[in-house]
Amino acid sequence: NAGVTQTPKFQVLKTGQSMTLQCAQDMNHEYMSWYRQDPGMGLRLIHYSVGAGITDQGEVPNGYNVSRSTTEDFPLRLLSAAPSQTSVYFCASSSPGRTNYGYTFGSGTRLTVV
Amino acid sequence: GDSVTQMEGPVTLSEEAFLTINCTYTATGYPSLFWYVQYPGEGLQLLLKATKADDKGSNKGFEATYRKETTSFHLEKGSVQVSDSAVYFCATNQAGTALIFGKGTTLSVSS
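As given, the protein sequences belong to chains A and B, one line each in that order.
Residue 377 in our numbering is what sits at position 41 of the first sequence, and the numbering runs on without skipping anything.
Residue 63 in our numbering is what sits at position 61 of the second sequence, and the numbering runs on without skipping anything.
Derived by calculation from the structure, the hints in this document are not laboratory data.
Straight-line Cα separation of at most 35 Å, DSBU-like style, residue types lysine-lysine; simulated pairs:
no., chain 1, residue 1, chain 2, residue 2
1, B, K62, A, K345
2, B, K105, A, K345
3, B, K105, A, K350
4, B, K79, B, K105
5, B, K105, B, K70
6, B, K79, B, K58
7, B, K79, A, K345
8, B, K58, B, K105
9, B, K79, B, K62
10, B, K54, B, K70
11, B, K54, B, K105
12, B, K105, B, K62
Okay, chain B solo, but in the shape it has when bound (with noise of 0.2 Å):
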């Protein structure tokens, strides 16, 4: 079936620094990925998301390309804040009826 592999966490960084958190997936078809971020006691919210082969997804400076070739879909972001602590989720939809999310990654960043 359908499934997706995050880098494990967590993932410490300094204000300012560079952020990759590396995401493959395995499904049938073609999928549409996404990022979903939760913030400390917060529910779910979509990052970003990308629909088809060669795709990116941007949103506050977030950033990831669907990498068909590869099967990836990594995060990225020049410049974190320590406002972008929170755990991020990769995602695939199965089918298009429900979501496969990865494990997800931890991010802390400190000033």
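Next up, chain A with everything else stripped away, as it sits in the complex (with noise of 0.2 Å):
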């Protein structure tokens, strides 16, 4: 049981190009989102999703978009990568009988863009 699988753990990007975050999950949970994390700022969430084929923005989903295709996975698309989007991402997921017990984390991608 591999709980939340996020890929890759480091990643350099250079300004302009783009590039997918994948978050994966094996609990068959329905719930899953996707967080930033930068100094000071706390974890911000960026998108998140109640199932296959339903999205839906956070706080700062500017630069990002998202799909769900199935229940397992849950990329994180940046179309241009800029700056401003050096990061830790976290990608969590739970399911509606089990929110209020918790959520699942990913171990994290460590984004730079230079």
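Build the complex from these two chains, which are given one at a time in their own frames, with help from the hints.
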């Protein structure tokens, strides 16, 4: 049981490049979400999904796209990376019957945009 | 929308001191409340939770009580250790679907 798997762990991009941060979970959780962590800002919600085919914006969605074609996967796409997107990104999952009991987090992706 | 406010850090304590980290929230409905901890270089771990008013969550000597009348969920520990040095995040679950975090409080404990 792997839980929530994020890849890659580290990435350096040049301004304007695109990339996809991968997030996969094997717990059959309906709810998945992406956060970015910046010093002094805590974790801020980027996008979230309550099931396959359903996504919604969080607090800081600009510059990021998501899709949810399967229950297991919730990739985060940066179409044109900017230095302001340098951050640590976390993916999390839960299910409707479990949200009161915690969310499972991935180990994070550290992204640097130069 | 839902939000969480927690005390600014850093908090610096000596070993065996008493710890309080304040957390207040605004939310619609009846959210659950959480404290997460992040040790240096690691991801987030759930420390404790409370799912309804007056519930007390506890783990590893830490406690927090869900106070609906004051919309608070303050984290306390009676005697901190050096190993408790970490960043602590208060959070609520927005409409049950995703977490909304406070900005985090860095705790440093010296021996």
